[in-house]
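S.K.: In case you want the letters, here they are:
There are 2 protein chains.
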Amino acid sequence: MANVHLPKGMRDLLPPAMRRRLHVIDTVRRVFSTFGFEPLETPAMERIDTLLGKYGEEGDKLVFKVLKRGEGAKRGETDLALRYDLTVPLARVMAMNPSLPLPFRRYQVEPVWRADRPQRGRFRQFHQCDVDIVGTTSPQAEAECIAVVHASLKALGFEGFIIRMNDRRILRLMAAAVGASDLEVSMLTALDKLDKIGRDGVIADMLRRGLTAEQADGVFAMLDGAPVPGAEEAEANLARIVALATELGVDPARLQIDRTLARGLDYYTGPVFETILPEGNIGSISGGGRYDGLIGMFSGRDVPAVGISLGLERIIVLMEERGMFPNVDTAVDVYVTVFDEERRGPSLAAAHALRDAGQRVEVSYAAGKLGKQFKKANQRGAHWVVTIGPDEHAAGTLQLKDMRSGDRLTLPLSEAVTRITDQS
Amino acid sequence: MANVHLPKGMRDLLPPAMRRRLHVIDTVRRVFSTFGFEPLETPAMERIDTLLGKYGEEGDKLVFKVLKRGEGAKRGETDLALRYDLTVPLARVMAMNPSLPLPFRRYQVEPVWRADRPQRGRFRQFHQCDVDIVGTTSPQAEAECIAVVHASLKALGFEGFIIRMNDRRILRLMAAAVGASDLEVSMLTALDKLDKIGRDGVIADMLRRGLTAEQADGVFAMLDGAPVPGAEEAEANLARIVALATELGVDPARLQIDRTLARGLDYYTGPVFETILPEGNIGSISGGGRYDGLIGMFSGRDVPAVGISLGLERIIVLMEERGMFPNVDTAVDVYVTVFDEERRGPSLAAAHALRDAGQRVEVSYAAGKLGKQFKKANQRGAHWVVTIGPDEHAAGTLQLKDMRSGDRLTLPLSEAVTRITDQS
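Here the protein sequences come in this chain order: A and B.
Per the working numbering, the very first residue in the first sequence carries number 82; after that it's consecutive.
Per the working numbering, the very first residue in the second sequence carries number 82; after that it's consecutive.
The set of hints was computed from the structure by calculation and includes no laboratory data.
Derived list of chain B stretches under chain A, where covered just means 3 residues or more per stretch with a C-beta under 8 Å from a C-beta of chain A:
1. 98-105
2. 115-121
3. 176-189
4. 328-339
Heads up, the beta-carbon is just placed ideally off N, CA and C, and yes, glycines get one too.
Generate coordinates for the entire structure from the input sequences, incorporating the hints supplied.
M.R.: See the structure below:
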């Protein structure tokens, strides 16, 4: 084995993995486009001062920093860094392009880099898949975020997912209602663990964090349905989002208002949502919400925004585990054998006609030993094998084998093209 | 303006630029797939010792180096670097995956990073677009490289391009024939400038580099058609490549054997090719050849390989200049107005039906002031505008305006969907 290695926590995506990944990316890009979201790409690197200080002290440590180049650079001096997410670059784009017409509705499917401790299924380079609407406070924007996730997951073949919704303002009002506004973050931190540690665990955690038993009880009374004082507007807004999302084709049975949903402690300012698959305890496969304070971080202007992120890497793993990928083992549709060197020309011409018709075609480099060539065709997952021997060559025909049924037919090239394209 | 900047020599790709780029990438990926080439992705970063020493002293200076992380890292210590091309990563993949079945035929369309001095049209992050066949010496591989470039350029709408071909071994034999084997690199360096400085310029350069006038004359006699001793095999191989490429659909009028073609001084060991557009002096838009010594650099095994690279960035610029992009100003196909808040629901339902049929649809956030909404539809390049007012709402219809012809029709949603999809 050669003395050469991948960087720690990184991986190559060999063709079978790449075929799956491209299937997912192409599918979601197509769905995003039907919603009028537009593609954006930003450079992998940002200036180091653009990134640092945006992800907390722990986040800053995970940023890959790039050494300054050229004669003037001091030893160890860094000026660039690899992006850590796609949101800070979006905020930079909005600040640098003040004439972009608002609302700006973009998607971005690109890798980000984080020097996390490597663990199974977590990599230091991974794709984020973000859809954001910048410049409107309309609840239609929330409904579109929910609908685009719904349509994307359906297009990928997911069934039975649930989109949970809440509003961060309601959680804030709950804290206020029990006189614990100063402990709001503690309350959220505890609540965020509800799925993992259960109700009793959360209450114990709340007490540990300084809430009284009465306050904890008050919070759970509201979670159980008691009215939250002052929350009428946020609740009406959630109901409006549900109604609009339903018009946009979302199955209302998949929407669940969940007063415990907090989506972490970070930058959300209004509605939040996440998508879960009830079977298996695998966490969320999509999350997002309104974050009206973030996009203006560089411009100093107030810029409302709402967005949603698809958990692309987790989705790919789940689809693999559940056998949701069509044709994953098929590298080519048609394998063209080469009977002998004299027949290489017509074999290539047959390949050309099939490619022109959109088929994925591979032609053997070796000539003769057809058994070996058929074995190769099998390895490549080809549905069809084309062979032109001396008889077919003389007659202007070819032999077509359907590798699934085992059927063999002799027919002219044009008919073979029609037969193959009709069945694909 | 906000105090925030892009890294020097890098750029954002805003939606209009991204639409063009994705059109090109999707088109070539589709063509590559029909040839049975398979997708590969490698991480943006490689270990620094994998990259350094592979691109010469000048190249090494242009590599972006990444600071080592964590407690143990010494000040200024680097362990990773951003990839400089896609060939060294391919060599690493081949060395680390010795069980990959050969021939391995892959494409890779991904960014690379070089800290070049920024200049107009040259960026420090740019996409490379490579197709390579590893593990066969068959001339069919060269023919496939030529045919896949031919098919890609045709699919993008290019006409009149010329694919020039030569064999590095013939150039080596020419140097030997005039007794200048020790000056082969000097001869190639001079010849490489033929397009720029002409025949007299090349001869002067050869003399300056130590060839005698007789040797220079001898080289040009062979370039003009005199036989090159010992070149029969390489010439027959070129003729064979032309014949096979022709079977693969390449127009033979586009193929030109050019004995002066050297393709730089680097790693090619056999046939070389490049694609030029005769009009305008814009350099090549594709280049490649056989490089049997490179892929084995990490494995220590001999691994034959041939590949071709499409000049994606140059192709995009040319297509823009020549107006070769379809629908570049169209962000969406259909713009759905919102007559008033009461009509938002049915307007969203209409958008949903159109999206389900594959149309790219945007719905106004604002309600009322239809003139403003039509202006927005125009800015977005929408072909169609859908409006549901009180009359249409009551009648279960909608108003459809064709923005190109100005025609307006009132019809049921299902008929509007059919009419719009039929015309797209």
